[in-house]
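Okay, here's what each chain looks like letter by letter:
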Amino acid sequence: MIRILSQIFRTGIVTEPLHPDIETEVRGTGVRLEETIRKRFRRSLTIRQVDAGSCNGCELEIHAMNNPIYNCEQFGMHFTASPRFADLLLVTGPVTRNMEIALRRTYDAVPSPKLVVAVGDCGCNGGIFGESYASLGGIDKVIPVDACIPGCPPSPTVLLNGILKALQ
Amino acid sequence: MLKEALISVFGSEARFDESQHPASVTACIVPRDKFAEAAKVMKKSYALLAAEWATDETAFGRGHGIFACYRWGGEYLIVKTEVPADDPWFPSLAKKFVAASRFERQIQSLMGITPVGNPDSRPWIKFEDWPADAWPLRKTFDALKPMPRVKGEYAWIRAEGEGVYEIPVGPVHAGIIEPGHFRFQAVGEDVINLEERLGYVHKGIEKKFESLSWDEGVRLAGRISGDTTVAHSIAYCMALETMTVCMVPERAHWIRALFLERERIANHLGDIGAICNDAAFAFMLYQLGRLKEMILCTNLRLFGHRFIMDRVVPGGVAIDIDASGKEEILTELEVLSKDFERLVTIYDENPSLEDRVRDTGILTPEQARELCVVGIVARASGLNLDCRIFNPFPPYDRQDWMKLEVPVLISGDVHARAWVRIQEVKESVRIIRKILEDMPAGGIITPVSQPAPDTSGFAAVEGWRGEIIYWLQSGPLCEINRCMVRDPSSLNWLGLELAVLDNIVPDFPLCNKSFNQSYSGHDL
Numbered sequence: 001m002i003r004i005l006s007q008i009f010r011t012g013i014v015t016e017p018l019h020p021d022i023e024t025e026v027r028g029t030g031v032r033l034e035e036t037i038r039k040r041f042r043r044s045l046t047i048r049q050v051d052a053g054s055c056n057g058c059e060l061e062i063h064a065m066n067n068p069i070y071n072c073e074q075f076g077m078h079f080t081a082s083p084r085f086a087d088l089l090l091v092t093g094p095v096t097r098n099m100e101i102a103l104r105r106t107y108d109a110v111p112s113p114k115l116v117v118a119v120g121d122c123g124c125n126g127g128i129f130g131e132s133y134a135s136l137g138g139i140d141k142v143i144p145v146d147a148c149i150p151g152c153p154p155s156p157t158v159l160l161n162g163i164l165k166a167l168q
Numbered sequence: 169m170l171k172e173a174l175i176s177v178f179g180s181e182a183r184f185d186e187s188q189h190p191a192s193v194t195a196c197i198v199p200r201d202k203f204a205e206a207a208k209v210m211k212k213s214y215a216l217l218a219a220e221w222a223t224d225e226t227a228f229g230r231g232h233g234i235f236a237c238y239r240w241g242g243e244y245l246i247v248k249t250e251v252p253a254d255d256p257w258f259p260s261l262a263k264k265f266v267a268a269s270r271f272e273r274q275i276q277s278l279m280g281i282t283p284v285g286n287p288d289s290r291p292w293i294k295f296e297d298w299p300a301d302a303w304p305l306r307k308t309f310d311a312l313k314p315m316p317r318v319k320g321e322y323a324w325i326r327a328e329g330e331g332v333y334e335i336p337v338g339p340v341h342a343g344i345i346e347p348g349h350f351r352f353q354a355v356g357e358d359v360i361n362l363e364e365r366l367g368y369v370h371k372g373i374e375k376k377f378e379s380l381s382w383d384e385g386v387r388l389a390g391r392i393s394g395d396t397t398v399a400h401s402i403a404y405c406m407a408l409e410t411m412t413v414c415m416v417p418e419r420a421h422w423i424r425a426l427f428l429e430r431e432r433i434a435n436h437l438g439d440i441g442a443i444c445n446d447a448a449f450a451f452m453l454y455q456l457g458r459l460k461e462m463i464l465c466t467n468l469r470l471f472g473h474r475f476i477m478d479r480v481v482p483g484g485v486a487i488d489i490d491a492s493g494k495e496e497i498l499t500e501l502e503v504l505s506k507d508f509e510r511l512v513t514i515y516d517e518n519p520s521l522e523d524r525v526r527d528t529g530i531l532t533p534e535q536a537r538e539l540c541v542v543g544i545v546a547r548a549s550g551l552n553l554d555c556r557i558f559n560p561f562p563p564y565d566r567q568d569w570m571k572l573e574v575p576v577l578i579s580g581d582v583h584a585r586a587w588v589r590i591q592e593v594k595e596s597v598r599i600i601r602k603i604l605e606d607m608p609a610g611g612i613i614t615p616v617s618q619p620a621p622d623t624s625g626f627a628a629v630e631g632w633r634g635e636i637i638y639w640l641q642s643g644p645l646c647e648i649n650r651c652m653v654r655d656p657s658s659l660n661w662l663g664l665e666l667a668v669l670d671n672i673v674p675d676f677p678l679c680n681k682s683f684n685q686s687y688s689g690h691d692l
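Respectively, the protein sequence lines represent chains H and E.
First residue of the first sequence: 1, per this note's numbering; consecutive thereafter.
First residue of the second sequence: 169, per this note's numbering; consecutive thereafter.
The following block holds chain H by itself, in its conformation from the complex (with noise of 0.2 Å):
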């Protein structure tokens, strides 16, 4: 125990020091992010993720947004278990025939009113696998789309900034 709480001491609080090359811009999303989510959200911003058929690379972004440098949860934005309780749908794609049911009862899920990101390259026009028999392109093929994050993949910068966009 005594090792844990030395290397909790020792490691501090690091949401507080970014690398200079984001520090600004995530700040400033941030700051923007939680007045908007205060404001229409009231303090609270629950996403539920859809990967509909993403390579994962995606994701991996999406969970370093939970990581402690970035913490989306310090914006008053976290990740839910349930479409039930979901304000905003992040969907990372392109999406496949295979999971295109499986998007469709997600989306039917989320209680009105809700919104919807595409994320990635794949996730708003279907990126290198455009359309085929197994792809059908991007989110907004099945659903429809507020907001798109290009990037492939997005990093947790650009997805914060994409996420602010989506809300105001």
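Hints in this document: simulated from the structure, not taken from any laboratory.
Just so you know, not all the hints are guaranteed correct.
Stated by the list, open to error - On the chain E side, residues computed to face chain H include the following (Cβ under 7 Å):
id: 1; residue: P304
id: 2; residue: E346
id: 3; residue: S393
id: 4; residue: S688
All C-beta atoms, glycine included, are put in the ideal place defined by N, C-alpha and C.
With chain H fixed as given, assemble chain E onto it according to the hints.
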């Protein structure tokens, strides 16, 4: 060894295929009725099945080809048999190698060739609502045409009896992970059977390759499994380079190895943290998440991409590293290894964590061998497999200088899979330092010519999950006729089904995380 064994039994009945590259990988053609017999010979020679796949060779006027790739130590042997297009069947290998069953279900589903004697004839990847005659990998199939949905049902394995109940999970999981369906049969808390249903992220990747040029192919290879983008790109490039007899500059190889080890460290750090988190020890997740983020940020600054995507290209690499980059990595590794050492001690000395990870989700060495698993899963269950040692590219081939030590444990539990990762992180840190120290000067890329028609190339690369195999075949117009991708997950998913048996349901996430297989790399 495998080659000699095959010759001693088959004699002149086995023809050698000279169009297979590199020369170190033997390919031989046997008559169709001897295909399963060859598997028997391989099994007797202690070989493991590495992959099984089919090709459509109608463009050459040959019908179909069925291939089985065996591995023994560093030796790979490909056994091929030819199947006429109007009589599409082949003898199943499933009774010799359990792992063949899923490969063959996939061959049947996507190429429409029947494995005779496979006890499981249900489709795989191909869902029940696909038209029965949709075989995407056949040349006659129009990949761009959307498929209609038809009515159908999947025959799940059932369990009956007093107190038996079922838990269906997925495809949309509770966390931020890829989609797949798991169906448990349980009595009380104990899992008595787990059936996996994968294929939800099937994007038609192997078919897509056939419409791309050789240069475009590497971009797709880098997006088969986003967490393994470097290893997949290297394997694709190496398969192509052997076909074109391209001499990649030494420095490019070394930079590839640098990327590969950085990818290994980043993913292992994430995995160790996630395993601990699933045992309710979130401290490690956040601590290791911090270290992982450090690696990714350095990647972005030095190589222009957090996961180093698209930096490995045919003929070499797209970005070099200079003296200041080298210093930056060395400084980063210094911080990393100090913090990591402390965290490992905490992992090791925490009894509540130990209680969860030890003796949980055991895959015994016998089972691991039977299922032919690879990579970290194999090394945690007593199988000494690592392409970096047995099938190395430079600088791994200088073993007397690198002295790479691969951890092999025999307990096969969650702890073993975590501990293998811990040891590998330390080893990768050491290797990166050595690579940076002795990296040769010179160019980083060389032009790659078109492969000759009707040739094939093979490459196996040790990604962080394990061995990745690419097998490329050129068509009559020198285009991509077939690109077979074998992610380690294709073999290791079977291991999870066995490892969770007799464990309690709440331990499934922990077992699953300790395997952490790719869905996208498996479904393709």
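Structure-based check of all given hints:
{"no.": "1", "hint": "P304", "in the structure": "6 Å, holds"}
{"no.": "2", "hint": "E346", "in the structure": "5 Å, holds"}
{"no.": "3", "hint": "S393", "in the structure": "6 Å, holds"}
{"no.": "4", "hint": "S688", "in the structure": "5 Å, holds"}
Every hint from the earlier list agrees with this structure, and none is contradicted.
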